[in-house]
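Peer 1: The task is simple: from the sequences and hints, build the whole structure.
Taken in sequence, the protein lines are chains F and D. Just so you know, we're using my numbering here: the first sequence kicks off at 1 and counts up by one. Just so you know, we're using my numbering here: the second sequence kicks off at 1 and counts up by one.
Careful: at least some of the hints might be erroneous.
Examples of chain D residues toward chain F, derived with CB under 7 Å [claimed, not checked]:
no.	residue
1	Asp38
2	Gly40
3	Gly42
4	Gly63
5	Tyr64
6	Glu107
7	Leu111
Under the rule of at most 30 Å between Cα atoms (straight-line distance), these lysine-lysine pairs were calculated in the DSS-like manner [what the hints assert, rightly or not]:
no.	chain 1	residue 1	chain 2	residue 2
8	F	Lys2	D	Lys57
9	D	Lys71	F	Lys79
10	F	Lys98	D	Lys9
11	F	Lys79	D	Lys57
12	F	Lys45	D	Lys9
13	F	Lys2	F	Lys45
14	F	Lys110	D	Lys14
15	F	Lys42	D	Lys9
16	D	Lys71	F	Lys110
17	F	Lys42	F	Lys2
18	F	Lys45	D	Lys57
19	D	Lys71	D	Lys57
20	F	Lys45	F	Lys98
21	D	Lys57	F	Lys110
22	F	Lys98	D	Lys71
Just so you know, the hints here were simulated from the structure itself, not pulled from any lab data. Each residue gets a CB set at the ideal place from its N, CA and C atoms; glycine is no exception.
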Amino acid sequence: RKEVEQDPGPFNVPEGATVAFNCTYSNSASQSFFWYRQDCRKEPKLLMSVYSSGNEDGRFTAQLNRASQYISLLIRDSKLSDSATYLCVVNPYNQGGKLIFGQGTELSVKP
Amino acid sequence: NAGVTQTPKFQVLKTGQSMTLQCAQDMNHNSMYWYRQDPGMGLRLIYYSASEGTTDKGEVPNGYNVSRLNKREFSLRLESAAPSQTSVYFCASSVEGAGAGELFFGEGSRLTVL
Chain F
1 RKEVEQDPGP FNVPEGATVA FNCTYSNSAS QSFFWYRQDC RKEPKLLMSV
51 YSSGNEDGRF TAQLNRASQY ISLLIRDSKL SDSATYLCVV NPYNQGGKLI
101 FGQGTELSVK P
Chain D
1 NAGVTQTPKF QVLKTGQSMT LQCAQDMNHN SMYWYRQDPG MGLRLIYYSA
51 SEGTTDKGEV PNGYNVSRLN KREFSLRLES AAPSQTSVYF CASSVEGAGA
101 GELFFGEGSR LTVL
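Peer 2: This is the structure in structure tokens:
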């Protein structure tokens, strides 16, 4: 089993749709969780950290379920500019350097 | 602002050739990383340096060496390139350890080994 697993997609949605991505992780001791965004042929960039209480940033909401070992990302009112690959990232050891990246979920928002 | 700068951006090598990927950051970050990204595999950590003077192996270190030349620079060397090392390589940096905060990535170096 991979340490971090995501549905690779692609998710094809119309503008204005709500879309949700899930990610599961295998190490129950994991402490830090993040969503990164990667545009085609570009470098990954931090979208948001994921906190135990859940957190929201505009149209984006991230949630953590420790009991089931998954994190989610909800995007409301999708924009064309949201088209990208979304990477689930976990720090399983709570130590520097050991981030584990999921393979990414591709989102394509259509007019 | 430059952020994290990688060179070269593109490189084609023949099997057995050697090369060094250069990375420099101007954000005064303590930690630096080298990742490779392959289709369907996600980013995988090759080596990292938690602070100047230290380096540690990541998930896929075989076939690579690194040097933390100073606080700004972290280079990745392929001593004898193999086709399996064809990939996109990303350098990244962070203020402290990766688990505590944001990684800042360079634009990537696309390497093809024939």
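Peer 1: Just pull the numbers of the violated hints for me, sorted ascending.
Peer 2: 1, 4, 5, 7, 9, 11, 14, 16 and 21
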